[in-house]
Every structure is written in C-alpha cells, then in structure tokens.
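Novice: Spelled out from the first residue to the last, the chains are:
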Amino acid sequence: MRRSSVLPVWLALALLAAAAAPTTLRSEERAACTVRDPLRRPWFGDLHVHTRYSLDASTQGTRTRPSEAYAFARGEPLGLHPFSERGEPGRTVSLARPLDFAAVTDHSELFGELSLCNTPGAPGFDSTVCVIYRGWPRLAFFFMNARGAPRFAFCGEDGRECIAAGRGPWREMREAAEAAYDRSAACRFTTFVGYEWTKSVETASNLHRNVIFRNAAVPEIPASAVDALTPEDLWDALDAECRGKLPGCDAVVIPHNSNLSGGFMFAPEELRSGQPFTAAYARRRAGNEPLVEVMQHKGDSECRLGAGTTDELCTSELLPYDTFAGRFSPFARRDPDPRNFTRTALGAGLVHQVKLGVNPFRFGLIGSTDTHLGTPGLIEERGYPGHGGAGIPIGETLPDSLLDPIEYNPGGLAVIWAEENSRDALFDALQRRETYATTGPRIAFRLFAGWDFDASSCGADFAARGYAEGVPMGGELGAPPAPGSAPTLAAWALPDPGVADAPGVPLQRLQIIKLWVEDGAAHEAVVDIAGDAANGAGVDTNSCETTGAGAAQLCAVWRDPDFDPGEHALYYARVVQNPTCRWSTFACNAAGVRCEDASTIRAGWEACCDDAYPKTVQERAWTSPIWYSPQSNEESPRGR
Amino acid sequence: MRAVSSVAARRWLWLAALATMPVPFYLGQPEWAPVLRLAFLTSLFTAVMVAEGGRTVFLFGTLGIVQTAVYTGLFYLAARLAARGVARIGSPPMQVAAVGTAVFLLVASSLLPIYQTPLSSTRMRSDLWHLFE
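Heads up: the sequence lines are chains V and H, in that order. If you count the first sequence from 1, position 274 lands on 274 in my numbering, and the numbers rise without skipping. Each number in my numbering comes from the position in the second sequence (counting from 1) with 640 added on.
To be clear, the hints were calculated from the coordinates, so they are not data collected in a lab. Possibly wrong hints are sitting among the right ones.
[Claimed, not checked] Stretches of chain V that chain H covers, calculated by requiring three or more beta carbons in the stretch to come under 8 Å of a beta carbon on chain H:
1) 126-135
2) 147-160
3) 484-497
[Said to hold, decoys possible] Just a few of them, taken from the derived set where beta-carbon distance is under 8 Å, the chain H residues facing chain V:
4) P664
5) Y666
6) Q669
7) L681
8) A691
9) F700
10) V710
11) T712
12) V736
13) S760
14) T762
15) R763
[As the list claims (entries may be wrong)] Here are a few chain H residues that sit away from chain V, every Cβ distance over 12 Å (derived from the structure):
16) S645
17) G701
18) Y711
19) G713
20) S731
21) G740
22) L751
C-beta: ideal position from N, C-alpha, C; glycine also.
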C-alpha cells in the first residue's frame with residue numbers, strides 16, 4: 001500500500017535525476033552513443049595491459065601486439081607462446097564476454113632500447129646488451145629492468161637514439177588504440193592511450209603508475225622513469241607536455257601494487273624533496289591521482305590481517321613479501337609494511353586532511369589484470385594460463401608446473417559507472433572516482449551516501465533516488481541537514497550472472513568499511529550490513545563443485561550509529577561471493593595432484609600442497625569511498 | 641695397467657664436478673646448476689659490466705664472481721680429498737675404475753634434466769646439453 005503511494009514520487013525523482021544528469025562534454029569528434037543512460041551503467045574493462053613492447057613481456061616470449069590485445073578484449077581469440085618454429089601458438093585463449101574498454105599500458109622506459117635491439121642494422125643492434133637480450137632474454141630482464149638512468153651506451157649521446165626509436169612503439173600503441181576505438185553510435189568498445197611509468201626505489205620498492213589519457217591528444221613521447229625520476233616529475237611532465245601544451249589533452253595517473261612498495265607508495269613525505277607533505281603537494285597529488293589499482297595479478301592491496309587491521313577478510317590474494325626483491329630472493333623477504341595497503345592510506349589521508357586541510361590520498365578504487373600476455377580481462381580462475389611478466393618463463397614448451405607463482409592470481413577488472421561507453425564519459429567518471437574494483441567477476445555494485453536513505457531505498461528506483469538524494473561512490477557527502485543527523489549508506493550488489501558453461505556465483509555478504517579520525521589517528525570499523533557469513537556455502541576442493549546457497553542480490557541501508565559531525569570520515573563498501581576454487585586448485589586438480597598421496601606431487605607442483613596458500617577464494621568487489629568532512633575552512637572538493 | 645696419478649685423479653674429478661655437479665647459486669633468481677653455468681652467466685654479466693657499467697650488473701657480476709670462486713675452490717678441495725682416497729686403493733685397475741665410475745656417474749646423471757634453471761629463457765629444468773641456451 002505504502003509502496004504504491006510512493007512509487008509515482010520516485011518515478012518523478014528518476015525523471016528529474018535523468019533530466020538533471022549532465023550531458024557529456026566532448027573533447028573529441030565522435031558519433032553520439034545510441035545507448036545513453038542518465039542513471040549510468042557499469043562498464044567493465046582493464047586499464048593495465050602489457051604487450052611485446054614491455055621488456056618483462058618480450059623477454060618471456062610474449063609476441064602480442066597492441067592491436068591484438070584490443071582485438072582480444074573485443075572477444076577475438078589470441079594465440080600465446082610457446083610458438084612453434086613456424087610461428088604456430090602453443091595455446092589459444094579468448095574471453096567468454098568481451099570487455100567494454102581497455103588500455104594497453106606498456107612500460108615506457110625501454111621502448112627505444114627494445115626497438116633497436118630487435119631491428120637488424122639499427123644502432124646498438126650488435127651491442128653486448130642487445131646480443132644478450134636476444135640470446136639470453138631472461139638474464140637481460142634483470143639487468144635491463146633495473147637500469148634506469150643513464151640510458152645504455154648504445155643509446156648514443158644523451159640517449160638520443162633510444163628516445164628517437166621509442167617513438168615507433170608509442171606510435172603503434174596510439175594507432176592501435178585509435179583503430180580499436182568504436183567511434184560509431186554503437187559505442188561498443190572504448191580504448192584509452194596509456195602507458196606505465198615504472199619507477200622503483202631502494203631495493204625494488206614499487207612506485208609504478210599507469211598514465212591514462214582522455215583521448216587521442218597525447219604527448220609525442222611518454223614521460224618515463226628514466227627522465228621523470230619521481231611522481232612529482234611525472235606530474236610536471238604531464239602538465240608541461242600534455243595539459244599545458246596540447247588542446248584537449250588530460251590524463252589520470254593510477255598507482256598500483258602499493259602492496260610491493262616497501263611502505264613508499266603512501267609514505268608521508270614527498271619523494272623528490274624528502275619533505276613532509278604540504279597542502280599544495282596534497283592538492284596536486286589528489287588532482288593527478290584520483291584512483292588506485294587495488295587488485296591485480298600481483299596481489300590484493302586493500303588490507304592485510306595483522307598489518308593495522310583485524311578484518312578477517314584481509315587474507316585474500318596477499319603476497320608474502322614487501323617488495324619485488326622478495327619475489328626473487330628469499331633473503332630480501334620482509335613482512336609487508338602496513339603502509340603498503342590502500343585502507344591504511346585512506347585513513348592516513350584523513351589524518352593529513354586534519355593537519356593540512358587537504359587530503360592527498362583522496363582516491364577511488366579500480367582493479368585490472370596487469371597481464372603481460374596482452375590478454376586484457378583474462379580473469380578466469382579455471383584454466384588460468386598465468387600472466388607472465390615477473391612470473392614463470394614459459395620457454396619452448398609449457399613447463400610441467402603451475403604456470404604462475406602460486407602467490408599470484410588472475411587479477412581483476414576496473415568498473416566505471418558512466419552514462420555511455422565513450423572516452424569522455426568514462427574518463428569523467430575516472431576523474432570523479434565513480435569506479436569500483438572487482439577480483440574478476442562482473443558484480444554490479446553501487447553505493448550512495450545521503451542523510452535520509454532507508455529500507456525503502458532498495459527498490460527499483462535505487463539509482464534514481466541515490467543520485468537525487470545523495471552522492472555516489474567517489475563523492476563527498478555534504479553537511480548534515482540537522483543536528484543529530486547521521487550518514488546513511490545505501491549499498492546494492494548483484495552477482496555476476498556468468499555465462500552458460502560458467503554460471504556466476506551467489507553473493508555471501510555485503511559490508512561497509514568506515515574509517516575516521518579520532519584523537520589524531522585513523523580508526524576503522526567493518527560492518528556486515530546484508531547477507532550471511534555463515535550461510536553454509538562451501539566448495540569441494542577436489543571437484544571444485546560449489547555447495548549451499550547465497551544471495552541473488554544484496555541491498556541494504558546502514559545508518560552510522562557512531563557518527564560525529566566533527567570528525568573526518570569515509571565509507572566504502574565491499575561485497576564477497578561464496579567461496580570457489582582458486583586458480584591453483586583448478587590447475588593442481590587438473591594435473592592430478594592429491595596432497596594426501598605424495599606420489600602424485602611431481603616436481604614443479606609442490607606448491608599445490610603448500611598450506612600457506614588457500615585452495616579457495618572469495619571473489620569480491622570494492623567501491624570507491626565516499627568522504628565526509630566537517631564543515632570548516634578546509635578544502636573538501638565536492639566532486640567534479 | 642698404469643696407476644692413476646693423484647694429480648690426474650684430482651683434475652678429472654674436479655673438472656667433472658665443475659661441469660656437472662648441481663650447486664645452488666643466486667644471480668637475480670636462485671638456480672641449481674653446475675659451476676660451469678654459473679661461470680657462463682657471470683661472464684655475460686661481466687661483459688655488460690665492462691660495456692655499460694651500472695649498479696645492477698656490477699652487483700650481479702660481483703655476486704657471480706664470488707660464487708664461482710667459492711665453488712671452484714670447494715670443488716678443488718673435495719677433488720683433492722677424493723684423489724687421496726683413490727690413491728689408497730692399491731690396485732691400479734681399481735683406481736682407474738673408481739675415477740672412471742665417478743666421472744661416468746656425474747656425466748650420465750647430468751644428461752637428465754636435473755638442473756633447475758629459471759634464468760633460462762627456454763626451460764625451467766635443463767640437462768647438460770641445454771645449460772647454455
């Protein structure tokens with residue numbers, strides 16, 4: 001009765017929201033999209049993809065070109081190494097469902113060096129470095145990867161030859177992105193021109209960042225870590241060579257693998273000066289880096305049980321080391337620094353905001369694969385072929401072993417809420433942080449914060465009401481409307497429907513994670529708001545058959561019972577699926593490994609029975625946060 | 641039959657061990673392979689070190705030289721001890737048989753893929769013939 005009486009009101013609200021939704025401002029020539037939803041849709045994609053132009057891909061046999069990577073993302077099959085002498089691939093992979101968008105982001109540091117080493121007659125082709133690169137590529141991976149500045153001698157004076165040669169791969173990447181971008185009204189597939197800035201400090205402490213450009217207006221040469229030595233230098237280069245030079249040029253910078261950063265990614269000092277953050281620095285960082293890639297092939301960077309949190313779900317897809325050095329040397333293994341994790345950083349950002357008036361770590365979340373096979377969106381656990389890169393070299397024949405180090409995983413996806421599938425619409429959403437990350441499944445996930453959501457918000461008009469009465473993920477909650485008001489968080493998740501031969505998995509539970517500042521320190525609370533952690537669902541790790549029921553949808557509204565309007569806070573949501581088999585369990589089962597029978601554990605498969613690694617995984621998704629700032633003279637951007 | 645001299649026995653055993661006996665070493669990744677492979681990889685790093693300089697190649701080159709020297713010395717001492725043992729065998733044919741059998745076993749086992757070679761671009765496990773690909 002009540003429902004029917006309010007329905008017209010919400011329909012009107014939906015229409016209002018639709019009418020109020022801004023049209024996408026075009027920075028490029030293209031047809032208007034036939035499919036345009038003012039209440040926005042989730043577009044699934046991958047913003048971290050390597051092809052043959054990355055050293056760590058080429059030295060382990062990847063031949064995929066950027067154009068082939070985009071074709072793969074659109075659903076075409078792709079042949080992978082090992083290749084026969086006649087060039088026939090040893091494996092072929094394809095996506096069951098095409099992606100909506102993708103960006104090839106090869107490492108920009110050695111574009112020219114690899115080009116010269118692979119071009120007979122080019123300067124440097126016969127140099128010691130190039131001879132070793134071609135003859136013993138795995139060895140070259142180590143010393144070329146760690147080279148940095150200055151460039152190799154064969155690059156000539158001031159690295160001139162390599163810088164010039166680097167234009168070739170960069171041009172091919174841009175042309176491939178342009179050719180694959182659907183500028184028709186169908187808007188089926190969007191590409192972004194991008195690259196990876198690959199800086200490490202100390203002993204392989206990772207500061208890597210992906211640069212994603214808004215459109216085809218991009219610098220002639222990408223700024224690499226050879227020339228732009230710090231993140232601040234990278235932002236300077238983007239200001240000088242893109243935003244300040246080319247009409248329509250803009251970029252977002254997306255840090256990743258903070259889990260391997262040795263505490264440096266979210267350190268409280270500027271890298272260039274070593275000085276504590278200033279308000280100007282914090283403002284600049286938040287403006288350049290509105291997103292962090294929280295999930296990918298080399299681990300989950302959200303949080304780690306025991307590293308500043310007691311959250312029981314902070315145990316998934318974690319790497320057992322603090323930096324890349326730990327991957328290659330047992331002597332360099334250290335437990336990860338709590339500052340490696342995005343949750344710690346989000347809390348630290350609130351503390352910075354209290355001190356500086358600006359939050360340097362106001363970032364949203366995405367996932368991606370970081371594939372080094374040129375296979376964007378290849379996230380299936382079953383039949384996972386490894387993602388290469390710093391993984392296991394394949395060689396001439398597939399090794400009789402797991403195809404990736406057991407601590408790695410298939411990576412995740414980036415999901416963007418946008419009105420249409422065009423570069424401008426998606427890029428705008430990246431900038432306003434209306435994005436979320438998944439560990440692979442195409443979970444649909446929304447979060448709104450407002451002051452008056454209630455149980456009735458979980459209806460067909462969820463999004464209309466969310467936009468009309470609140471702010472979406474990535475936004476900033478305004479002032480309380482009245483004394484005693486408390487934020488209400490409306491979260492909604494639908495499981496991945498899957499495909500015919502691989503149906504989706506039901507959801508287990510939906511959570512809100514709240515961070516706030518009290519007495520100068522960040523605190524956290526994790527609250528289950530829907531679903532049931534004890535729903536009895538499980539998985540038989542021998543057959544990988546799932547058992548038990550789960551939720552076909554989860555939606556709930558949570559009112560913060562401990563809200564203090566004088567404290568800085570943020571909220572994000574997390575949803576987890578019922579347990580399923582991890583990729584390694586599928587692979588070990590297929591190889592006939594049974595841990596109770598030692599005779600089945602062949603050399604190369606010992607990791608299958610390493611109790612340090614779980615046999616199951618709870619796939620999940622995380623929304624970008626929504627921030628709340630006490631009303632004062634502090635800066636608190638209200639979204640774009 | 642002539643007896644095997646202590647020097648000859650030592651040299652045969654030493655060389656066979658250097659060429660075939662798997663040892664653990666680290667050059668960016670840990671391997672189990674003969675000292676001969678370690679020396680080969682070290683020479684590649686050294687070539688880059690000479691041609692290009694650079695902290696990483698210097699580190700790996702030095703690491704390789706030190707490990708090669710240590711294993712070469714240890715195998716020399718082990719071969720000397722073994723050669724003394726061979727000398728205590730009274731019968732010359734038995735001396736030849738002992739040294740020959742030891743060398744044969746080392747070489748024969750090296751023809752199986754007993755070496756762990758993650759630094760190889762073609763195979764994670766190698767035998768003697770594929771150690772230098």
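Novice: Does V710 (chain H) meet its interface restraint, that is, does its C-beta lie within less than 8 Å of any C-beta in chain V?
Specialist: Status violated, d = 16 Å.
Novice: Just checking, S731 (chain H) versus chain V, shortest CB gap more than 12 Å?
Specialist: holds (40 Å)
Novice: For G740 (chain H), is the shortest beta carbon distance to chain V beyond 12 Å?
Specialist: For G740 (chain H), whose nearest Cβ neighbour in chain V is about 30 Å away, the distance exceeds 12 Å, so it holds.
Novice: Can we keep the Y666 (chain H) interface hint, with Cβ of chain V closer than 8 Å?
Specialist: Hint holds; Y666 (chain H) Cβ to chain V Cβ min 7 Å, cut 8 Å.
Novice: Verify this label for me: Y711 (chain H) is non-interface relative to chain V, using a Cβ-Cβ cutoff of 12 Å.
Specialist: holds (18 Å)
Novice: For S645 (chain H), is the shortest CB-to-CB distance to chain V above 12 Å, so the non-interface label stands?
Specialist: Correct as stated: the minimum Cβ-Cβ distance to chain V is 39 Å, above 12 Å.
Novice: With 12 Å as the threshold, tell me whether G713 (chain H) passes as away from chain V on beta-carbon distances.
Specialist: Since the minimum Cβ distance to chain V is about 22 Å, G713 (chain H) lies beyond 12 Å and the statement holds.
Novice: Grab the minimum C-beta distance from F700 (chain H) to chain V and call the hint holds if it beats 8 Å, violated otherwise.
Specialist: holds (7 Å)
Novice: Against chain V, is A691 (chain H) within 8 Å by beta-carbon distance?
Specialist: A691 (chain H) check passes; min Cβ-Cβ to chain V is 4 Å, inside 8 Å.
Novice: Are there three or more residues in the region 484-497 of chain V whose C-beta lies closer than 8 Å to some C-beta of chain H?
Specialist: violated (count 0)
Novice: Is the interface hint satisfied for V736 (chain H)? The criterion is a beta-carbon contact with chain V at less than 8 Å.
Specialist: Hint violated; V736 (chain H) Cβ to chain V Cβ min 35 Å, cut 8 Å.
Novice: If we take the beta carbon of G701 (chain H), is the closest beta carbon in chain V still more than 12 Å away?
Specialist: It is violated; G701 (chain H) is separated from chain V by about 9 Å at its closest Cβ, not greater than 12 Å.
The earlier numbered hints that this structure contradicts are 3, 4, 10, 11, 12, 17.
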